[in-house]
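**Q** Protein sequences, first through last, are from chains A and B. Residues in the first sequence are numbered consecutively from 44, following my numbering. Residues in the second sequence are numbered consecutively from 21, following my numbering.
Please keep in mind that the hints were generated in silico from the structure rather than gathered at the bench. These numbers come from a predicted model, not from an experiment. Glycine included, each C-beta is placed from N, C-alpha and C at the ideal position. Every clue listed holds true.
In silico contact screen, one side only, chain B against chain A (beta carbon under 10 Å); selected entries:
#1 Glu411
#2 Leu418
#3 Pro423
Computed cross-link-like contacts, BS3-like style, restricted to lysine-lysine with a CA-CA straight-line distance of at most 25 Å:
#4 A:Lys280 - B:Lys235
#5 B:Lys247 - B:Lys392
#6 A:Lys280 - B:Lys228
#7 A:Lys280 - B:Lys140
#8 B:Lys260 - A:Lys253
#9 A:Lys249 - B:Lys403
This is what each chain is made of:
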Amino acid sequence: MLNKNIINELQRIFGSKDVLTSKISLESYAYDSSPFIHQPDAVVFADSVGEICELMKLANGEGIVVIPRGAGTNLSGGCVPRYGGIILAMNRFNNILEIDTVNQTAWVEPGVANMTLQNELAPQGFMFAPDPASQKVATLGGNVAECAGGMRGVKYGVTRDHLLGLELVLADGDRVTLGGLGKHLPGIDLTGIFCGSEGTFGIITKILVKLTPLSEAVRTMMAVFDSLDQAGETVSKIIGRGIIPTTLEIMDQTMVRAVDDFLNLGFPRDAEAVLLIEVDGYEVEVDRQTETIVKICKETGAINVQRANSEEERQKLWLARRSGNGALGRIKAAYIVQDVTVPINKLPEMLRFVADISKKYCVVIAQMAHAGDGNLHPHLLYDPFDPEEHARVEAAAREIFLAAIKAEGTLTGEHGIGMEKLDYMPLAFSSADLGFMEQVKRGLDPNLILNRGKVLDIS
Amino acid sequence: MMSTIKLIRDLGNIVGSNNISDDKDVLNCAGFPDLGRPEVIIFPTNQEEICQIVAYANQNHIRIVPIGGGSNIRSVLGSPGGGLGISLRSMTRILEFEPDNLSLIVQAGLTNDLLQKAIKESDLFLPVFPDWEESTIGGEVGSNSGSRKRGRYGSINDYVLGVEFVSPQGQLVKTGGKTVKNASGYDFTKMIGGSWGIMGVITSVTLKLQPLPEKEVILIASFKNSKQAILVGKQVLAAKLFPVSLDVFAGRGLEAWTESAEAILVAGIEGSREAVEEQRQKMMAIIGANTQTLNEKASIQLFWEKYHQFRRNLQGKAAGAAAFDKRLLEDIGQALTWVMECKGAVQLDIAAGMIEFSLFDRTDQCSEAFFKRLLELGQQLGKGLKMDGNELTRQLVLEKIMPIIDPAVIMFPHNRLLRGVFRG
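For reference, chain A alone in the conformation it holds in the complex (with noise of 0.2 Å):
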């Protein structure tokens, strides 16, 4: 609970409409798309920088905690104010500042969805490659925070990669801007620290992001296979043979049934999976790669391999991929979702792990993954009002964390650790490198009030 004195302070730096305690609105600021729920002690609507800094000296000089948030899509509780505190809600900052094609730059304000960037680029030619699943409403700053990542990770890597500099504030109020012009000039750059660092390190005020131009053709297949492991198998001969396709999903039987059920798309029912494949580049250059593919696709053994000859039939072979989420809902009426993610070449095996784990633990497991980087995002469907299956589920997840990190994988691709891997940090890395950390969150945070309890579990 925050005293009278502090609410009037939020009250003089942010306005009285601006700050909100009452209980309904501090519930409706207790969760994201994850499931946990804590409440707030209070939301705060920050329309400047200057407003920002003032309400960063008052917590840090206080020691309140202050929760960013943009759109609150996050999937691991990042968004989720644990220890109570201050939500600031970065909704308002939703400017692009300018869009530079020259210079392939983009200054951009948290608040600005991704979709929104995506939308005013697409005219001109360029876009901004990290596309997460939420991009329609999820924003930058969240994009940032969590190091997002999305179906074109194989070839233009994730938000980290596409991130040129930032103007953040501190705890302790300071402002600071980082990176921008002169990469390659000798100079130490701090930007890359704040890229998935889940609102833990500063607060986000404005974002240079690299843009990347659309290229002129793209083409898009869809291969059936009655083995997972064939599909495994496919992904890494393609990138073998030298091609880096824009895009590699992957659906396992448990996914592709659900979508079949739902759209009746005809795929076979005894198709244990499905590979969404797409290549862009230069209209003179994408057929022959095609070819390339579908080849290789019948090498390892597909049964079917479809192309799709107009946008029409693209925007079709994408449908089975997007409805995937909502299809599940027809099996059971609640899901974990993780995102692991292992070595490309590793990807067969762990794909064939996790179907094996749905087994042990009689858990239905629907998978889909980013394959071509090696995501992979098992769905683990259980009964919310199931005690017993919510548990089994529970170790399934377990046993496939522990496997990733035994492939030299990661705890998680882009959906970051938020509050719901807190306990496996110590299984991933060492006690030096978890140290290490908390030196780098000390020095930047001393008093931990910058989204406490995230990445790290201190206090």
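Following the hints, complete the assembly by docking chain B onto the known chain A.
**A** Using the frame of chain A, we list chain B on its own:
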């Protein structure tokens, strides 16, 4: 201050007395120039030794300077020197190569040159090409280096998936991993990479590799003056052709390519053979008929050798570099004329927005006038021209982090890039 004899004896117990020396020649050979040189150089052979060395330095308040091939240390080595140089030259192993994950793990002392040779057979490459053959991966990561084709491929940090380093307090720390997607814990790869030795000693690096392009061509167009070359370069930018490199060269050293022209514009194109051919034709339509096309591997190889030779000359005396906003290309272009008036050499990297020059003689009047003009141009263009990568607010962040990660102030504290950073 501890005596050199004791230092050598104590550390010799860790690495063996053959792997430590205070001999000037050994220090020079390790890459240190005379000015700002450490007193002692040590050549550890594994991570554990480095941990022990750093822990020892930490207890005894001895300054450390990590060094790879030594090709770039001059630009940050402050004086007075002293302390202990840690050379990674004895750590050159390839620890793991997984072509089907496009990944490679190497010890920090491996040279880029040997690395490229080891992976070439698998049709893979690391798109970072140093100017110096002795350049090591650890040194390149430490200085976040990028060279030819940096406009397309960026710098080496764009290819670093993970780093192992010994922290200033002597602990082996791992950050990042082996996958492109990785959101587990804080990612310090881009902090350690580009930290110029102030945050730890890099011991191994995990790199993301790229498939070798099927085809490469280089187009060289000659011009009577640099202004024309720049105008054509501007048209290439406007046509959105995105070559992998686009440079104008002028001044001393140009005779490697041409005897008559005052400036050349060079465009590199690579990719699938269909795309390269199409791009080449579009490019030719802009840069004109008076263009030489390098098509064969041998001639392209020779071109790059000359390129690096030209760039090595740019790193000599009275040299400088600045980053610029590409929209101001023509304004920056004036500087090329000024360099030539002083009989200097200059590379204008249009793709990356960088100008690098050397006037060879800092003391003459012409050079003095040049630097004055450049500073005036900088003032006129404001944020559009940046000659110094260190800004006040960056230092503010370092002031918060450094006292905690390096409380004994031992990790290359006399690095020039730390000037103005208050250490408490």
